[in-house]
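S.K.: Chains as they are written, first to last, in numbering that gives the first Met the number 0: chain A, 0 to 172; chain B, 0 to 172.
No wet-lab data here; the hints were simulated from the structure.
Just so you know, these numbers come straight off a predicted model, no measurement behind them.
Hints are all accurate, no fakes.
As a list, the in silico DSBU-like pairs of lysine-lysine whose alpha-carbon atoms are at most 35 Å apart:
#1 Lys172/B / Lys172/A
#2 Lys172/A / Lys87/B
#3 Lys172/B / Lys87/A
There are 2 protein chains.
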Amino acid sequence: MRFELDRAAQILRQTPYTLQRMLGGLSTEWTASSGDRENWAPYDVIGHLIHGEETDWIARAGIILTQGEARPFDPYDRLAQFERSRGKTLDDLLTEFAHLRNANLETLINWQLTEAQLDLTGTHPALGRVTLRNLLATWVAHDLNHIRQIITYMARQYQDEVGPWTQYLSILK
Amino acid sequence: MRFELDRAAQILRQTPYTLQRMLGGLSTEWTASSGDRENWAPYDVIGHLIHGEETDWIARAGIILTQGEARPFDPYDRLAQFERSRGKTLDDLLTEFAHLRNANLETLINWQLTEAQLDLTGTHPALGRVTLRNLLATWVAHDLNHIRQIITYMARQYQDEVGPWTQYLSILK
Numbered sequence: 000m001r002f003e004l005d006r007a008a009q010i011l012r013q014t015p016y017t018l019q020r021m022l023g024g025l026s027t028e029w030t031a032s033s034g035d036r037e038n039w040a041p042y043d044v045i046g047h048l049i050h051g052e053e054t055d056w057i058a059r060a061g062i063i064l065t066q067g068e069a070r071p072f073d074p075y076d077r078l079a080q081f082e083r084s085r086g087k088t089l090d091d092l093l094t095e096f097a098h099l100r101n102a103n104l105e106t107l108i109n110w111q112l113t114e115a116q117l118d119l120t121g122t123h124p125a126l127g128r129v130t131l132r133n134l135l136a137t138w139v140a141h142d143l144n145h146i147r148q149i150i151t152y153m154a155r156q157y158q159d160e161v162g163p164w165t166q167y168l169s170i171l172k
Numbered sequence: 000m001r002f003e004l005d006r007a008a009q010i011l012r013q014t015p016y017t018l019q020r021m022l023g024g025l026s027t028e029w030t031a032s033s034g035d036r037e038n039w040a041p042y043d044v045i046g047h048l049i050h051g052e053e054t055d056w057i058a059r060a061g062i063i064l065t066q067g068e069a070r071p072f073d074p075y076d077r078l079a080q081f082e083r084s085r086g087k088t089l090d091d092l093l094t095e096f097a098h099l100r101n102a103n104l105e106t107l108i109n110w111q112l113t114e115a116q117l118d119l120t121g122t123h124p125a126l127g128r129v130t131l132r133n134l135l136a137t138w139v140a141h142d143l144n145h146i147r148q149i150i151t152y153m154a155r156q157y158q159d160e161v162g163p164w165t166q167y168l169s170i171l172k
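Let the hints inform the model, and build the full structure from the sequences given.
M.R.: Take a look at the structure:
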């Protein structure tokens with residue numbers, strides 16, 4: 000599918016509410032962090048999404064729009080949430096994510112980006128040259144990637160309980 | 000995690016609403032079936048979940064409770080939705096799924112299953128002996144498996160548009 004702002008915004012707008020719906024009424028056994036930095040629980044993932052809203056997507060888009068390739072993006076801290084989320088409940092984090100996302104979407108829409116602007120380029124510290132279109136498509140795919148991570152984490156809680164069905168469930172492989 | 004009915008029901012209860020929230024406002028480019036039986040679009044997946052509510056989970060649980068291993072389960076038609084969903088909109092399917100799921104959950108809860116009943120066994124036509132606990136845990140994991148399939152399908156629409164970021168996104172591999 001070709002990238003279009005309207006269609007991308009549909010996904011970006013729903014993500015916080017999808018996550019609230021998915022996680023809102025669940026026991027902490029499904030969602031709580033174990034502190035394991037290699038196997039993020041839903042709680043950890045929401046903290047990561049918050050950090051992205053604060054430091055990544057719109058900030059990097061702003062750099063592309065104002066400074067282009069001359070100013071590389073700041074590197075992104077993939078583990079910031081293990082400090083930053085301390086003391087907060089999952090509901091706190093879900094609400095915070097929704098507020099930040101809505102504000103960032105408003106910024107994005109107010110820019111009224113043209114096709115020419117979507118082709119502008121910036122410098123990723125590891126990946127090199129990227130377009131604004133790449134960045135915004137990645138914002139969408141990144142949301143979906145982390146919803147998938149949450150879903151997979153929860154399913155694996157039942158790895159043993161499904162018995163022989165494990166071989167039919169690709170999510171358990 | 001040990002299987003417990005209350006915790007399993009939390010996921011089963013949310014699935015239709017999570018899917019409504021996730022898919023409700025999206026353009027059909029994200030969701031419509033292409034008819035490809037090997038690469039299900041979100042529309043196809045919801046049809047599959049409906050068929051499971053009608054013919055699989057509660058029906059099989061009923062067989063275990065009343066007939067045990069003597070009466071094998073009926074085989075499940077994985078592609079029934081390609082006929083059964085014809086002429087319906089995605090919103091129709093999401094509403095139908097929610098109704099069926101709610102009715103089935105009510106049946107499950109009204110059974111007031113004991114731990115001893117969860118250990119009762121049945122005969123799967125391909126997998127052989129399974130417990131009621133296996134079946135109900137699989138119902139949950141199957142929901143999550145298909146939410147994951149929907150999320151993955153949507154992310155792959157942007158396979159090309161993310162550019163160099165593709166290597167950071169496990170969902171695109």
